[in-house]
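Using the hints, position chain B against chain A.
Order-wise, the sequence lines are chains A and B.
Whatever position you read off the first sequence (first residue = 1), add 2 for the working numbering.
Whatever position you read off the second sequence (first residue = 1), add 2 for the working numbering.
Be careful, since some hints might not be right.
[Said to hold, decoys possible] 35 Å max Cα-Cα, derived DSBU-like pairs, lysine-lysine:
(1) LYS292/B <-> LYS343/A
(2) LYS277/B <-> LYS205/A
(3) LYS316/A <-> LYS258/A
(4) LYS164/A <-> LYS356/A
(5) LYS358/B <-> LYS332/B
(6) LYS258/A <-> LYS209/B
(7) LYS69/A <-> LYS277/B
(8) LYS164/B <-> LYS150/B
(9) LYS277/B <-> LYS343/B
(10) LYS297/B <-> LYS288/A
(11) LYS82/B <-> LYS164/A
(12) LYS358/B <-> LYS326/B
(13) LYS180/A <-> LYS164/A
(14) LYS10/A <-> LYS209/B
(15) LYS56/A <-> LYS70/A
(16) LYS82/A <-> LYS57/B
(17) LYS84/A <-> LYS90/B
(18) LYS301/A <-> LYS164/B
(19) LYS297/A <-> LYS121/B
(20) LYS69/B <-> LYS150/B
(21) LYS292/A <-> LYS292/B
(22) LYS329/A <-> LYS121/B
(23) LYS237/B <-> LYS293/B
(24) LYS297/B <-> LYS301/A
(25) LYS14/B <-> LYS183/A
(26) LYS277/B <-> LYS329/B
[To be verified] Derived CB-CB ranges, DEER-like:
(27) VAL184/B <-> LYS237/A: 55 to 61 Å
(28) LYS90/B <-> LYS57/A: 39 to 45 Å
(29) ASN111/B <-> ASN317/A: 38 to 44 Å
(30) ASP158/B <-> GLY275/A: 27 to 33 Å
(31) ASN355/A <-> GLU311/B: 54 to 60 Å
(32) ASP299/B <-> THR104/A: 53 to 59 Å
To be clear, the hints were calculated from the coordinates, so they are not data collected in a lab.
Small disclaimer: the values here were computed from a predicted structure and weren't measured.
Heads up, the beta-carbon is just placed ideally off N, CA and C, and yes, glycines get one too.
Chain by chain, the residues run as shown.
Protein chains: 2
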Amino acid sequence: MAAKDESKGTLKEFGLKIVEQIKKGKNPEISFPLRNLSNIIYDEKSRTLKLGNKKGSRSFFNVAHSKKFLQTVEVASVIKEKLIDSGKHSSLRDVFYMVKRTIPGTSTNLVDEQTESDKAIEDLEVITTLSREQMHVNANKNGSVAGKVVIEDRGDTIDWSKLGSGGWAIPSNVEDIKFKKVDAKYIIYMEKAAVWERLNEDKYWQKNEAIIVSSQGQTTRGIRRLLQRLYDEYKLPIYVLCDGDIYGAYIYSVIKYGSIALAHASERLTIPGVKYVGITMDDVEKYDLKKHFIKLDEKDYARIKQVSEYDWFKNNKEWQRQFKMMKDFKSKVEIQSLSSKDISFVSEVYLPNKIKNREFLD
Amino acid sequence: MAAKDESKGTLKEFGLKIVEQIKKGKNPEISFPLRNLSNIIYDEKSRTLKLGNKKGSRSFFNVAHSKKFLQTVEVASVIKEKLIDSGKHSSLRDVFYMVKRTIPGTSTNLVDEQTESDKAIEDLEVITTLSREQMHVNANKNGSVAGKVVIEDRGDTIDWSKLGSGGWAIPSNVEDIKFKKVDAKYIIYMEKAAVWERLNEDKYWQKNEAIIVSSQGQTTRGIRRLLQRLYDEYKLPIYVLCDGDIYGAYIYSVIKYGSIALAHASERLTIPGVKYVGITMDDVEKYDLKKHFIKLDEKDYARIKQVSEYDWFKNNKEWQRQFKMMKDFKSKVEIQSLSSKDISFVSEVYLPNKIKNREFLD
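If we strip away everything but chain A, and leave its shape as in the complex, we get (with noise of 0.2 Å):
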């Protein structure tokens, strides 16, 4: 497989650079694009965070840096030999034991705590820009999704329209799913399993010709992969649809832009081009929602100034426009308001009407 042997490759050679520094009598050192907030930008163009130009560099032969460049060498040798070798993928945490041992002679622990060799990952992932995904670390398994696509994974074939009222457990990585066949126009990506399950027993991925995906939760970065993966590789638009809140819309926007925990690996992660289907200010009027308003409290305020002040919104008139509508109601609405309708609703009326009217937001 071309993918398991770039990866490889590119592993051996972060290796062989290193040894060639010792064999030079040189002290080894890495060096790497720094990932502190003041190298986070948001970059207007591409309309994603990214790092800037900032560098930091670590070398063995120095006590504040030698336990750092040890622990990123091991970690390297770890997903090398006991992960990309045996063709097996593994947790952050299983990582974390895998290389957790005292360092001979001494009494110190390579590693202590699990974000030592999270940070060691994240540190490779710029050094080789390899995705935490390509050298086997898996993120969190989490969500379903269903609709008329046919995909490969591991020799089985699995059609994602057959598959009852549960769907297809995304996996937490699916850099290596081949899509077969792709029959859909759109996809729309949902915060709850609740509405996943209204759509799927609608069959709205039928009507529509659309894939539905969700999550319970966060949107992990297989959910966030596999969204990326039919945007690029299928051009299909992708609509989000979240709770009517300032939790909503920034949901949307670590798909949309990224994340400043993140902000290293924005190209393998963002979609620049998906677009907010709802809920929105205007729907609570349009819709009469009012009525199902839960007031919002301090922490909801709080998080409103810091989220409309974020550089990717804060240029950004029409999120303005409803990040003030939210404070003028002093409100927030849920999705599953639209059920007070009718319990299919959100999937005969609003999503439909939405999508044919093209009402998002950008």
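Only chain B this time, still in chain A's reference frame:
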């Protein structure tokens, strides 16, 4: 469908009884087993949490009862007409929005908080002996499953052994799925999706003729019902794999004995025959896991005290020994610490050995 007719018939009967009382000029009244703590008992014989014999009643012409009476009747009506009659399913949150409206001629809402409609649904469960699922009110959706099992669900034939790295996403409601072929000797249920991905990648289910089931976080009612159905209908042993800590013990006990909140649904949700495969405090010695100990904090100690005093644990010598060891070790240990030995240690050594030697806690 027989199940649908049964639910429909039972709810209709519930309504007819009230109509009858009204026609006779009586004060309409509903009676049901009480669900407060004083009426929740641990039944030593069936080894489940159950409701006792105390009964309560609710009548319309009683200022303290009338709103709750109305809520119960309205929820029953919504469930019958909007869900069962239409063959649709929904979440607790949706039912809340479907029920939420102003009582005609007043400015009072029928329900203001979801807890009110939730309680009405629980009341209907004990009044009618129908489960929430039979009334088409779904719980959370969560979890994945793989194994040599073929099911039929909503007209689709789904083979759990042909779903690649993702597996089948377990729906929130598994009442209507039909098992067509079940080729397995036992089930492993694990609390962590990352461990499930390890077992799935290693084809544990194929090599060991097992079914592997996981959640990510809580064991939903959908997962519990799926386990129970396989246990009841195919007499499959179920082994629970959790972290070696008090929370793991509790997760296990909920599957086995039920929970206080759902004592009224014990019959439909508990599985007295499940066994705990690990991680145990004895594993710590046997597999040399002490170096991966995580120190207990105050919250852990308080929870050990609380859980060890539960009726279903307090006379269980083996578990009391475990709780004591937790306190003596002052530590807990995670499933994934086994990865320190080898990435596939859990699937190739740990689980096969424990199951072969029948090293379980009951």
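Tested hints:
For a cut-off of 35 Å, the pair hint linking LYS292/B to LYS343/A is broken: about 57 Å separates their Cα positions. Restraint check for LYS277/B and LYS205/A: the C-alpha separation of about 39 Å exceeds 35 Å, so the hint is violated. A distance of roughly 15 Å separates the Cα atoms of LYS316/A and LYS258/A; the hinted pair therefore holds under the 35 Å criterion. Under the criterion of a C-alpha separation no larger than 35 Å, the hint pairing LYS164/A with LYS356/A is consistent with the structure, at around 27 Å.
Restraint check for LYS358/B and LYS332/B: the C-alpha separation of about 30 Å stays at or below 35 Å, so the hint holds. This hinted pair does not check out: LYS258/A and LYS209/B have alpha carbons roughly 42 Å apart, beyond 35 Å. A hinted pair counts as satisfied when its Cα atoms are at most 35 Å apart, and LYS69/A with LYS277/B does not qualify at roughly 43 Å. Pair hint LYS164/B plus LYS150/B holds up; C-alpha atoms about 9 Å apart against a cutoff of 35 Å.
As the CA atoms of LYS277/B and LYS343/B are separated by approximately 25 Å, the hinted pair is consistent with the 35 Å bound. Under the criterion of a C-alpha separation no larger than 35 Å, the hint pairing LYS297/B with LYS288/A is inconsistent with the structure, at around 55 Å. With a C-alpha separation of about 29 Å, the suggested pair LYS82/B and LYS164/A falls inside the 35 Å cut-off, and the hint holds. The hinted pair formed by LYS358/B and LYS326/B meets the criterion: a straight-line CA distance of about 27 Å does not exceed 35 Å.
At most 35 Å may separate the alpha-carbon atoms for a hinted pair to count; LYS180/A and LYS164/A meet this at roughly 17 Å. Annotation: proposed proximity of LYS10/A to LYS209/B holds, straight-line Cα distance about 28 Å (limit 35 Å). Simply put, LYS56/A and LYS70/A have alpha-carbon atoms about 19 Å apart, close enough for the 35 Å limit, and the pair holds. Of the supplied pair hints, the one linking LYS82/A and LYS57/B is violated, its CA atoms being roughly 65 Å apart against a limit of 35 Å.
Between LYS84/A and LYS90/B the alpha-carbon distance is near 48 Å, which puts this suggested pair outside the 35 Å criterion. Using a Cα cut-off of 35 Å, the hinted pair LYS301/A and LYS164/B is violated, with the two alpha carbons roughly 45 Å apart. Distance check on the hinted pair: LYS297/A and LYS121/B sit about 23 Å apart at the alpha-carbon level, within 35 Å; holds. About 50 Å separates the Cα atoms of LYS69/B and LYS150/B, which puts this hinted pair outside 35 Å; it is violated.
Distance hint between LYS292/A and LYS292/B is unfulfilled; the C-alpha atoms sit about 57 Å from each other, more than 35 Å. Distance hint between LYS329/A and LYS121/B is fulfilled; the C-alpha atoms sit about 32 Å from each other, no more than 35 Å. Of the supplied pair hints, the one linking LYS237/B and LYS293/B is violated, its CA atoms being roughly 39 Å apart against a limit of 35 Å. Of the pairs offered as hints, the one joining LYS297/B and LYS301/A holds, with about 32 Å between alpha carbons and a cut-off of 35 Å not exceeded.
A distance of roughly 46 Å separates the Cα atoms of LYS14/B and LYS183/A; the hinted pair therefore is violated under the 35 Å criterion. Taken as a hint, the LYS277/B and LYS329/B pair is honoured in the structure, with Cα atoms around 22 Å apart against an allowance of 35 Å. About 42 Å separates the C-beta atoms of VAL184/B and LYS237/A, a value inconsistent with the hinted range of 55 to 61 Å. A hinted range of 39 to 45 Å for the beta carbons of LYS90/B and LYS57/A is inconsistent with their spacing of about 57 Å.
For ASN111/B and ASN317/A, the hinted distance range of 38 to 44 Å is satisfied, since their beta carbons lie about 41 Å from each other. The beta-carbon spacing between ASP158/B and GLY275/A, approximately 32 Å, falls within the hinted interval of 27 to 33 Å. Under the hint 54 to 60 Å, the C-beta atoms of ASN355/A and GLU311/B, about 56 Å apart, fit the expected range. At roughly 25 Å, the beta carbons of ASP299/B and THR104/A sit outside the given window of 53 to 59 Å.
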